[in-house]
Amino acid sequence: MTVRLLRSVVGLALTSAILAVIMYRLNSPLAAVFELSVCSGLISVIFITTVSFTQRISKERLIIRRKERLLRFLYLPFIIIIAGLLLLRYLKIPQFDLPQPAQVTDARVVLWSLRHLDLLGQAIIIIAGVFGVVVFFKEPNK
Amino acid sequence: MNPDTFELFRYFIIFIALLFIAGVYCVLISFNLIRALIGLEILIKAVTLLIILAGYISGRAALAQAIVLTLIVIEIVIMVVAGGVVLWAFKYNKTIDPRRLSNLRG
Chain A
1 MTVRLLRSVV
11 GLALTSAILA
21 VIMYRLNSPL
31 AAVFELSVCS
41 GLISVIFITT
51 VSFTQRISKE
61 RLIIRRKERL
71 LRFLYLPFII
81 IIAGLLLLRY
91 LKIPQFDLPQ
101 PAQVTDARVV
111 LWSLRHLDLL
121 GQAIIIIAGV
131 FGVVVFFKEP
141 NK
Chain B
143 MNPDTFELFR
153 YFIIFIALLF
163 IAGVYCVLIS
173 FNLIRALIGL
183 EILIKAVTLL
193 IILAGYISGR
203 AALAQAIVLT
213 LIVIEIVIMV
223 VAGGVVLWAF
233 KYNKTIDPRR
243 LSNLRG
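Protein chains in written order, with this note's numbering: chain A, 1 to 142; chain B, 143 to 248.
Treat the hints with care, since some could be wrong.
[Claimed, not checked] Computed from the model, here is a short list of chain A residues facing chain B with C-beta under 7 Å:
no.	residue
1	L5
2	L30
3	P94
4	V110
5	L111
6	F136
Rather than coming from a laboratory, the hints here were simulated on the basis of the structure. Ideal Cβ placement from N, Cα and C applies to all residues, glycine included.
Let's have the full structure, built from the sequences with the hints guiding it.
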């Protein structure tokens, strides 16, 4: 179970790396670097730490669970293929006029000058996350 | 919008929709909290790609990047807290199967 979970985590990290390449190709190098370092690196570390703190299940239960899981995830490739074919066939996006390109083209200027309220929100969310983790790992008073 | 950009937009939208479907399926079907979190990550990645694509198509890549940076920070906090929830559930129930989390009854 644990090995399979670790494989899933590595697969997620690879997905993040591919997404970072796509972002770089779509003129977003700063977001690509963040995606590669944070999502591909830090989140993998968080997942691996979480997996390492959990226990491996017994072999008998592992065999039963594997069969169950295969049956549950068996439909996913078919759903993806069918949905992909249907979308390719029927998805029609109407032509629309695009707005004028922005004057400011540097993400750092946008973040620090135009969207500085986002930074405040980020700080609040990080503090809330820290408090959440502290509450979860606090030992109860005896 | 020129036809090439429009075709690129259409294919990306289809790819993002499929990524979203895969994430939703993973969240709904998984009986393992860590796998459900991985499904949630896939959902967030689909949204991230959609924002970057919108920035690229509209010529506002800088704004899209600023929004994605905020999204990544929120994603990290969600994952850290959710990891804490998973470990908390394992500590008190010795399992991360949501069907067996019996002490969550109100």
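So, going through the hints one by one against the coordinates:
{"no.": "1", "hint": "L5", "in the structure": "holds (6 Å)"}
{"no.": "2", "hint": "L30", "in the structure": "holds (5 Å)"}
{"no.": "3", "hint": "P94", "in the structure": "violated (10 Å)"}
{"no.": "4", "hint": "V110", "in the structure": "holds (4 Å)"}
{"no.": "5", "hint": "L111", "in the structure": "holds (4 Å)"}
{"no.": "6", "hint": "F136", "in the structure": "holds (4 Å)"}
The structure does not agree with numbered hint 3 stated previously, though it agrees with all others.
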